[in-house]
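Novice: Start from chain A and add chain B according to the hints.
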Amino acid sequence: MMRADNLFKTFNPGTPLENPVLRGLSLTIESGQFVTVIGSNGAGKSTFLNAISGDISPDTGSLFIDGQDVTRQSAWQRAALVARVFQDPLAGTCEGLTIEENLALAMQRGQGRGLSRAVKASYREAFRDKLSTLKLGLENRLGDRMGLLSGGQRQAVSLLMASLQPSRLLLLDEHTAALDPKTAAFVLELTDRIVTENKLTALMVTHSMRQALDHGHRTVMLHQGRVVLDVSGDSRSRMDVPDLLAMFEQTRGEKLDDDALLLG
Amino acid sequence: MSLISLMGALEIGLIFALVALGVLISFRLLNFPDLTADGSFPLGGAVAAVLIAGGHDPWLACGLAAIAGAAAGWLTAWLNVRLGILQLLASILVMIALYSINLRIMGAPNIALIGLPTVFTPFISTVNDNAWLIQPAVLAVIVVIAKLLLDAFFASETGLALRATGANPRMARAQGISTDRMTLAGMALSNALIALAGALYVQTQGGADISMGIGTIVVGLAAVIIGETLLPPRTLWLVTLATVLGALLYRLLIALALNADFIGLQAQDLNLITAVLVGLALVLPKIKGKLRNKQGGKSA
Chain A
1 MMRADNLFKT FNPGTPLENP VLRGLSLTIE SGQFVTVIGS NGAGKSTFLN
51 AISGDISPDT GSLFIDGQDV TRQSAWQRAA LVARVFQDPL AGTCEGLTIE
101 ENLALAMQRG QGRGLSRAVK ASYREAFRDK LSTLKLGLEN RLGDRMGLLS
151 GGQRQAVSLL MASLQPSRLL LLDEHTAALD PKTAAFVLEL TDRIVTENKL
201 TALMVTHSMR QALDHGHRTV MLHQGRVVLD VSGDSRSRMD VPDLLAMFEQ
251 TRGEKLDDDA LLLG
Chain B
1 MSLISLMGAL EIGLIFALVA LGVLISFRLL NFPDLTADGS FPLGGAVAAV
51 LIAGGHDPWL ACGLAAIAGA AAGWLTAWLN VRLGILQLLA SILVMIALYS
101 INLRIMGAPN IALIGLPTVF TPFISTVNDN AWLIQPAVLA VIVVIAKLLL
151 DAFFASETGL ALRATGANPR MARAQGISTD RMTLAGMALS NALIALAGAL
201 YVQTQGGADI SMGIGTIVVG LAAVIIGETL LPPRTLWLVT LATVLGALLY
251 RLLIALALNA DFIGLQAQDL NLITAVLVGL ALVLPKIKGK LRNKQGGKSA
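Chains as they are written, first to last, in the working numbering: chain A, 1 to 264; chain B, 1 to 300.
Don't read these hints as lab results, they were simulated from the structure. We put the CB at the ideal spot given by N, CA and C, even for glycine. No incorrect hints appear here.
Looking from chain B toward chain A, a few residues come up when the C-beta cut is under 7 Å (computed):
1) A155
2) A161
3) A164
4) S178
Here's a subset of chain B near chain A, in silico, CB distances under 8 Å, partners left out:
5) A167
6) N168
7) M171
8) A174
9) I177
Just chain A, with the same shape it has in the complex:
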C-alpha cells in the first residue's frame, strides 16, 4: 500500500523561475492495485514519481509505503520497498557491466552487500530461467555487456530486474516512451505479465490515454500538480479515450489541448 498526503513541491522557489509542480497531491494505492497515471506536460507526473522513489524530497506533505513513513528517506534507503523502471532505457542498467552483473545488482536490492561473490552460480541458473521467459535469447548471453543490447531489450531486462526482489511498489516512468511501437507493445505486455504474476502494486506513468485505459485497474489524471480524475472498476472498463476527455473537461471546465495525450 502507498499513501501520498498533500504533497507540495516548488522548484526554484523565490526566483523568477519559480515553478510549483506539486500542489497538494494526495493519492492512496491499495496493495495489488495497478494504477496508470496520465497528465499533460508539466502536470507533475514525473515529479510525483521522483518524490515516491526518493530522487526528490517534497517541500511539505508525507509519503507512506506499507505503513512506513518514507518522506525523509533517501532513494537508496527506500529501495527495499520501491522498484523502478526508468523512461530512458540507458538509465535503468549499467552499460559497462555484463547482463549477469546488472541482474546481480538487482538481486541485492534491499539486501545488505558483503564481500561474497556478486554473481553466484545459483544466481546464474535463476537468471537463465528468468531471461528465457523474455524469449529474446538473452539467456545465452549472460556475459555480454549491457551496452550491446537494444533499447527494447534493455527495458525488458530492467523490468526483470525490478521483479527479482519483492517490492511494495513498482514505479514505471513512461518506460515505453523511448521505444518503437512494436517493442513498446512487447514491453507493455511483459509489464502486465510481471505485475500479474508477482501480484505487484504498481504505478505506471504514461503519455497515452489509450495505454492508460488498456492496462491496470485504475486510472488517475494529474493536472497542475493535483489528482483531477480517478476512475476504476466498471465505469473505467466501459470508458474510451473521448469519454476520458469529456470527463476531464467537465471537471475542470477547460479544454485539454495536449496533442501528446490525445494521440496514441
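Specialist: For chain B alone, coordinates are given in the frame of chain A:
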C-alpha cells in the same frame, strides 16, 4: 641499456603500478577525477619514512602509510559528497593541504633511510649485493597480490556496487546502493594504494623528499591510458592487468628515452617525455580506429 638500469625501470614501474591501480579506481571506476594522488603518494612516503627512521617495523610502516592515504582519499570524497565541492577542486584542496601536513609529519624537507631496515632487507644477501634483483622481485609479488585482491573485491557484492556507483549513480541508488558511502570507501581504497606505493618508493630510494609527489597523478593516469590502449577492457581482471602492464611499459619507455644518448634527452626532460607519451597514448586509439575504417572501406 644495462640490465641494472632495466631492473631499475621495472622497480619504479611496479611501484607506479600500485599508483595506477589507485587511479583506475578513482578516475575510471568511480568516475571521480582525483588529484589527491600528488599529496597522498608523498603522505605514504612521509609516514613510512618517519616510522622506519624511528625504528619501527617497515611492514607496520607500510600499513600505517596506507591508512593515512585512505584518510586523505576519504577526506577528498567527503568534501565532495557531504559539502558539495566540485570533485576536482576538492582533490586539489586536499592535495595542497597535504603538502603542509607532509612537512609536519617529516619535520624536515627530507629524511634519509640509508642503512635502515626496509621491507626488502630480509631478502637481500649481505655477501653479494643483489638488491637490484630482490627489490623488483618483492615489489612484483606485492603488485600481483594487490591486483588479485582487487579483482576479487570488484567481483564481490560491494565491489560491484562500487562499479555501479561510478557507471550509473541513479540506477545504483534505485538498487539500494548508497552512492555517497561507496564514493567515500572507493576513494579511501584508491588513495590507500597510492600511499602504499609512496611508502615502498621511499624504501627503494633510500629516503623521503617533500617534492616526491609532483606529477604522481600524471604518471598514474598515463599508465591507465597506455594499458587501455594495449588491451581492450573487456573484463575487469583484464583492465587491472592492462593497468599494471601500462605502468611497466611507461617506465621502460622513459628509461629507453633517457638511455638513448643519440636523442640527447636527460633526466630533467622527464616531465616533457611523460606529456608526449600520454599524448601519444591518447591519440593512438583514434589513429587505430581511422586506419581500420580505411581498410574496411577498401575491402567493401
